[in-house]
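Enquirer: Protein sequences appear in the order of chains A and B.
When the letters of the first sequence are read in order and numbered with our numbering, they come out as residues 1 to 477.
When the letters of the second sequence are read in order and numbered with our numbering, they come out as residues 478 to 718.
Everything labelled a hint here was simulated from the structure, so no lab data went into it.
No experiment lies behind these values; they were computed from the predicted model shown.
Certain hints may be false.
Derived DEER-like restraints, expressed as beta-carbon distance ranges [claimed, not checked]:
hint : chain 1 : residue 1 : chain 2 : residue 2 : range
1    : B       : Pro574    : A       : Pro18     : 47 to 57 Å
2    : B       : Glu571    : A       : Leu409    : 23 to 33 Å
3    : A       : Leu409    : B       : Gln541    : 16 to 26 Å
4    : A       : Ser297    : B       : Glu567    : 18 to 28 Å
Taking lysine-lysine pairs in the DSSO-like style, the calculated list, with each CA pair at most 30 Å apart, reads [what the hints assert, rightly or not]:
hint : chain 1 : residue 1 : chain 2 : residue 2
5    : B       : Lys498    : A       : Lys469
6    : A       : Lys264    : A       : Lys374
7    : A       : Lys264    : A       : Lys160
8    : A       : Lys181    : A       : Lys160
9    : A       : Lys70     : A       : Lys193
10   : B       : Lys609    : B       : Lys498
11   : B       : Lys700    : A       : Lys452
12   : A       : Lys254    : A       : Lys264
13   : B       : Lys629    : A       : Lys374
We put the CB at the ideal spot given by N, CA and C, even for glycine.
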Amino acid sequence: MSQTPVSINFGAYSEHVPANIPAAVQQATGRFLGNRQARVAEMPQWEALRQAASDIRLHTLMHLDAYLEKLAAQVTAAGGQVHWAADAAAARQTVLEIARQHNVRQAVKVKSMATEEIGLNHALQEAGIEVLETDLGEFIIQLAGTGPSHIIVPAVHLTKEEIAELFRQKLGVDAPADPIKLTEIARATLRQKFLAADMGISGANFLVAETGTLITVTNEGNGRMCTTLPDLHVAVVGIDKVVPDWESLTVLLKLLARSATGQKLSTYTSFITGPRRAEGEFGPKEFHLILLDNGRSRVLQDPLGRQALKCIRCGCCLNVCPVYKNVGGFAYGWFISGPVGSIFSPQILGVGAAGQLPFASSLCGACAEVCPVKIPIPDILLHLRRRVVEGDAFGGPSAPATIRLGAWLGTLAFGVPWLYRLGTRLLPGLTAILRRGEWIPALPPPANRWTKVRPFPAFAARFRQWWGKRPLRGGKP
Amino acid sequence: MQAQLFITCLGEQFYPGMLEKMVGILEALGVQLIFPEEQTCCGQPFFNSGFRQRTLPLARRWLQTFSRSQAPIVSPSGSCVDMVRHHYAELFPEGTPEHQMALETAARTFEFSEFLVHQLGVTDVGASFPHKVTYHASCHYLRGLGLRQEAKQLLAAVRGLELIPLVEEETCCGFGGVFSVVYPEVSRAMMEAKVRNIIASGAEAVVACDAGCLMNISGGLQKAASPIRAMHLIEVLAERE
């Protein structure tokens with residue numbers, strides 16, 4: 001899973017969403033949102049923090065080259081090794097080379113979206129390296145053989161009963177549908193692996209340029225095990241994750257956990273600056289940082305589209321999105337889902353592959369209202385819709401000609417006032433045969449896409465006639 | 478005071494009674510109304526589908542139509558006003574006369590309840606509607622125009638009206654314009670959730686401030702064979718039961 005998709009068919013998936021997914025997703029996201037609301041209410045400076053975070057992220061993106069150079073220099077100075085990966089294949093290759101040099105047989109992983117993005121697990125397994133996800137959610141979806149369906153809760157689509165069944169099938173243990181028992185089973189399985197692993201793999205929530213520090217924000221102890229027990233730590237991180245300094249980091253950390261789970265701070269916030277510096281010190285002997293571009297520098301050139309890269313992966317836009325909550329994450333076809341997935345994937349994969357996603361929104365704006373870094377998600381969705389139907393300097397058009405013809409006919413009908421008025425007068429009569437009382441229960445294609453869900457109101461225009469017959473009271477334009 | 482009526486294409490096609498009542502309420506408050514007959518559609522359906530170029534002539538015509546008078550423009554639709562207010566200016570390059578015209582016109586275009594509460598300073602129009610009513614916050618009205626209290630202030634002043642809170646009041650009903658026909662099954666799931674909450678509220682009517690939401694919600698209630706009425710705010714404010 002999480003291989004780079006060639007074509008994402010949101011529409012086809014949305015017609016056959018597994019029945020248990022919306023309920024499972026809504027239960028978890030509802031809990032997170034409730035907690036978030038309580039945290040926001042405690043913080044009178046919340047809006048100011050959001051603005052500050054947005055400014056920090058945008059500033060960093062606008063000077064990304066300089067901050068990346070600084071970061072690379074600091075990581076190197078701390079004894080780490082920096083690798084640049086232009087795309088997913090290069091990043092996978094780099095990880096494999098490092099693994100080969102160290103004769104790695106077993107790897108353990110911290111939950112990471114960047115490694116999902118590049119499909120790392122698959123590549124490692126093909127190279128004969130055993131790789132184990134150690135975040136509970138990731139552990140579960142690895143057993144299930146799927147990608148994540150939520151940014152911070154990868155297995156959010158599964159109920160505890162389904163997870164118990166999965167454990168019974170894949171681990172051959174008697175697993176009750178009890179979260180605590182299930183966690184104990186996973187823990188016992190994982191403990192052995194931490195001690196045996198030759199390589200720990202992580203992503204990062206942030207990279208602090210001024211000191212070359214990698215930050216992971218986690219709630220389970222697994223992250224620290226992965227990044228301290230094996231002798232080798234390899235981190236794959238998108239170039240968008242850099243922040244200038246610790247002061248900026250503080251602002252973002254205040255927002256991240258509160259927006260994500262509604263915690264003030266996650267259980268673990270780990271700061272990793274290079275490998276161990278002396279014998280006798282704990283931690284890996286080698287630290288490798290692979291900085292992943294994979295289309296991000298191209299997105300940076302788009303003044304509106306680049307704002308998608310401000311994302312700090314809190315998942316809050318998923319939690320509030322009524323579309324996401326009714327289809328789940330798999331509908332979005334790649335490692336990142338929900339509103340931010342709909343603005344990220346089409347920019348990285350192109351609108352040819354992911355052109356359906358910008359339309360997978362009612363433009364309700366709930367996402368932009370909660371986004372801790374103020375990404376104007378609906379504006380970017382509109383921007384990408386334009387790319388799909390009209391094309392721009394970054395891609396497209398990719399919409400079928402029939403859609404464009406339909407739009408032309410539509411604007412013709414509305415663009416010529418006499419034609420519009422004529423149509424308005426004729427429509428009630430023309431549609432009379434379809435009418436049942438105040439409703440039209442069924443319309444011919446393509447309008448049946450409306451009436452298959454609910455009836456259409458009867459055409460009933462009469463305002464102009466009514467207005468014309470009134471005694472003149474108003475002024476003339 | 479004078480005002481220009483921007484009736485919107487959906488309002489014109491499907492809610493003529495609501496438009497007539499809007500005229501009645503505004504005139505009763507002493508507003509002299511102008512109806513620019515060249516108006517068609519503001520272009521929102523095309524703009525929201527990505528057809529920016531196709532939107533241009535519609536926006537241009539709309540601006541010309543409503544610039545013949547300097548009077549404020551009033552509309553019974555949050556999303557159409559949001560289109561004019563927040564998207565017209567970006568359609569035309571800065572520094573062009575059209576951009577200037579868009580900014581100037583946007584500044585005097587108001588949603589109906591916004592016009593009443595903030596321009597006329599009116600929250601009580603003398604309505605009486607002794608029924609249980611719940612309220613759905615239309616997305617563009619709420620988040621686009623930032624109108625969180627206005628409709629409720631007007632409802633609060635209606636004699637006999639009991640306003641019942643709606644669970645997930647601010648969650649989209651699933652209309653979303655083109656979204657409702659591009660992904661009908663997702664739209665259905667969202668609509669059904671909204672309708673379930675409305676039915677569970679125990680209200681006799683649900684009020685919203687946008688024709689799009691009303692088409693969707695009333696259709697959903699009809700399909701669920703519910704007797705609950707989906708009403709535009711204006712229709713409630715015109716009641717004198």
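Enquirer: Next step is simple, just say for each hint if it's right about the structure.
Expert: Hints, verified against the model:
no. : hint                            : result
1   : Pro574/B - Pro18/A: 47 to 57 Å  : 55 Å, holds
2   : Glu571/B - Leu409/A: 23 to 33 Å : 32 Å, holds
3   : Leu409/A - Gln541/B: 16 to 26 Å : 23 Å, holds
4   : Ser297/A - Glu567/B: 18 to 28 Å : 26 Å, holds
5   : Lys498/B - Lys469/A             : 15 Å, holds
6   : Lys264/A - Lys374/A             : 19 Å, holds
7   : Lys264/A - Lys160/A             : 26 Å, holds
8   : Lys181/A - Lys160/A             : 11 Å, holds
9   : Lys70/A - Lys193/A              : 35 Å, violated
10  : Lys609/B - Lys498/B             : 21 Å, holds
11  : Lys700/B - Lys452/A             : 11 Å, holds
12  : Lys254/A - Lys264/A             : 7 Å, holds
13  : Lys629/B - Lys374/A             : 28 Å, holds
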